[in-house]
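Peer 1: In case you want the letters, here they are:
There are 2 protein chains.
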Amino acid sequence: MSTLSSQPYKGTRDYYPAEKRIQNFIFNNWKRVAVRYGYEEYGAPMIEPIEIYAAKSGQELASEQTYMFTDRGSRTVAIRPEMTPSISRMVAARRQEMAYPARLFSIANFMRYERPQRGREREFWQLNVDIFGLEGALPESEIIAMGAEFLNVFGATDDMYSIKINNRKLINFMMAHYLGLDTVQAQLMIKLFDRKNKISTDEFRDQALDILGESMAEAGLAKISTLLNAHTMADLPEEIRQSNAVKEVQELFTLLDAAGIKNAVFDITLMRGLDYYTGTVFEFFDNHPDNNRSLFGGGRYDGLVGLFGAEQISAVGMAPGLSMTELFLQSHDLLPKLPSTTDVYIAVLGDEMLAGAMKLAAELRNEGVNTELDVTGRKLDKQIKTAVKKDIAFIVFVGEEELKTEMYSFKDTASSEEQKLSFERIVTTVKDRRRVHSDDLDDLFE
Amino acid sequence: MSTLSSQPYKGTRDYYPAEKRIQNFIFNNWKRVAVRYGYEEYGAPMIEPIEIYAAKSGQELASEQTYMFTDRGSRTVAIRPEMTPSISRMVAARRQEMAYPARLFSIANFMRYERPQRGREREFWQLNVDIFGLEGALPESEIIAMGAEFLNVFGATDDMYSIKINNRKLINFMMAHYLGLDTVQAQLMIKLFDRKNKISTDEFRDQALDILGESMAEAGLAKISTLLNAHTMADLPEEIRQSNAVKEVQELFTLLDAAGIKNAVFDITLMRGLDYYTGTVFEFFDNHPDNNRSLFGGGRYDGLVGLFGAEQISAVGMAPGLSMTELFLQSHDLLPKLPSTTDVYIAVLGDEMLAGAMKLAAELRNEGVNTELDVTGRKLDKQIKTAVKKDIAFIVFVGEEELKTEMYSFKDTASSEEQKLSFERIVTTVKDRRRVHSDDLDDLFE
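Residue numbers (this note's numbering), protein chains in the order written: chain A, 1 to 446; chain B, 1001 to 1446.
The set of hints was computed from the structure by calculation and includes no laboratory data.
Keep in mind it's a predicted model, so treat the numbers as computed, not measured.
Incorrect hints may appear among the rest.
Said to hold, decoys possible - Residues on chain A that point at chain B, a partial pick, calculated with CB under 10 Å:
no. : residue
1   : E48
2   : L192
3   : T386
Note that the Cβ used here is the ideal one computed from N, Cα and C, for glycine as well.
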């Protein structure tokens, strides 16, 4: 038999313990924030019927980016490329039984067939937070405030990122009533606005002219220019400023201000690609020059639950991703050094000490100390090397002397300091260190 | 557009918050045990090239049960049906850099195309624990002792389950040297032994005769009968008892005895379906009459890492599943009632109290209290009903009086008791309850 490749499938990542610790660090902090706000965790299947994406996620996502296939029973399914259709389906299935407003979150993996690049993988992890059953701007402001918390919990400050906000109703009003576009033109123009920062000014102008057509060309371009120069709502043309859609946006900004969010800005070019948004849309952007890009976003999608045969229900959601968060934390130097979850490595000085070392390991575990025991009978230097390679904070040496006196040589692998400690002092030393390195769920379930 | 089904894909489950809490309860306890033993968490991709299963997982699993498909780049892949090939691939990829022995665990979801039934879903969750780089019976005894811990951590006692142990080398010796079967016959006989409890005695006899052929029929049946009546190693025929394979099994039992494992038994009919096992195999069985079946198992698989072009490395692993664990806990009444992760629901008495309630919510969250705020302006009875429906332990009422005096009406939803508490007393009451309901990672990352 020929040799199998040891590489993971293209665009996916293997998480070895050191990388998994970073993933858990981010997941645990996300969870901490979500439960603080009273959101409850749920889970959904990794595959779904393809129809739930075809309906509303947008043509590109459903037809070109899904991992779609036919199962052994001839059902056409897809590995989930996003969570919103799944949680909408779940809410629809228990429309009557659920308690509203429902505040829900999940952390899950997804797949999209895209060209892998920095911060974008074919298999990726996302946190999804959603509120079902609340009208008005309050749920939007709550979700956006949580979005800020999902960065601030890691030590981010307001200047490190900005929050761009727009509204689909406002976009539709602009397209139909201000620019006077028909449905097809409006769709194309929305996609063009969405690509604005990815193409040159000339390209943008040419494509805008194509969409407008000859008769509307001049007036249309002038109006688009007015729109693109509107950096606050006050800059908008009078007829847009008077629309109900603008009032919604204003209400949201008032609430965000009351919630202490200082870095939210109105951005008329923000479109968000997915078809299901119906009101507020927003995106968090990294301000760091090395990573100046969208981090994550969300918005209101009132139409989705109703597709599953249930009565309509309003919904607002957001989905921060793992890779983008990791890049953000790296750019801003917010990622701490994370030691192993193992607290203590027991190095054994000779095979005849193994029984005593096993007993000590069991006792340490009973006291809540995460303990790895070296049972190899190797030379001491090899045992120490293993502990250091695994980023384990402490080594306890077990020899004849130690077992007799019950005082153990105890080494801090970071400082290389060594001292003689009793069993009780080992336990308290380990727990004191954990309190300092509180990179985990310490205050979430304490 | 026609209505979409709100049902999940066949054989998969939606985990609403109440079910997700049970899942997290089991996952968190698994994690607690795994890190206590010094195992480190890793993660692997949800899809892999089909070849890694075709190689060693066994014909049935790879060809009939995988969710296999061709991606948009013509690669044939499968949603992982198990973890062992993935972690073996990962170890092979970093064969040189890793520290040994490597103790690793993961909690992940898998898919197999099987007929869904009680305790068996098409999408299922498993804990995988593996040791790489340790020869001898020590890693087996450690993994089996952890297997017991994965049940005992929930309150299980020795009498609730038993651990059946066999050894592939012993099986091979029995087949080739004791029964005198050739390779093809041996394979068939192993599958037949594996099915023994699923078919009648007559069927077993008939199929055994088919495999043995006429010339070996009588002597063969007699020898098989001797084997099946061997309930301890002492009952085995002399020629088997003298084999090296039996010595391995005996060594393991000695170590298990020293580790305090009292419910392990030798079972010569235990085969385990997967092709990659090379030594010890074991299975945990539920003793409860309503759920009398295999819970989970594992064994030694020394050949797998080498398939990925790396130097061979010894490996022992085990994979408890979520559904079987849940059924076990239900059968033995070991599943506690799990309240919401939300500690406090703030009910608001009138819209003009909302700003004050929001401030209180923020302060509670700052103190580590998981707080949901009702912003609906609904009648009070509806707000209370929502909190109760969500299994939230406490309701804090915020009205004019409360905001003025800073003494809050505080209701325990389980007992319906109500009292007036200060902010500080609310915080301590919530945290005291959490310490009692320590169903989470409380002592894992404290």
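Peer 1: Which earlier hints can't be squared with this structure?
Peer 2: 2
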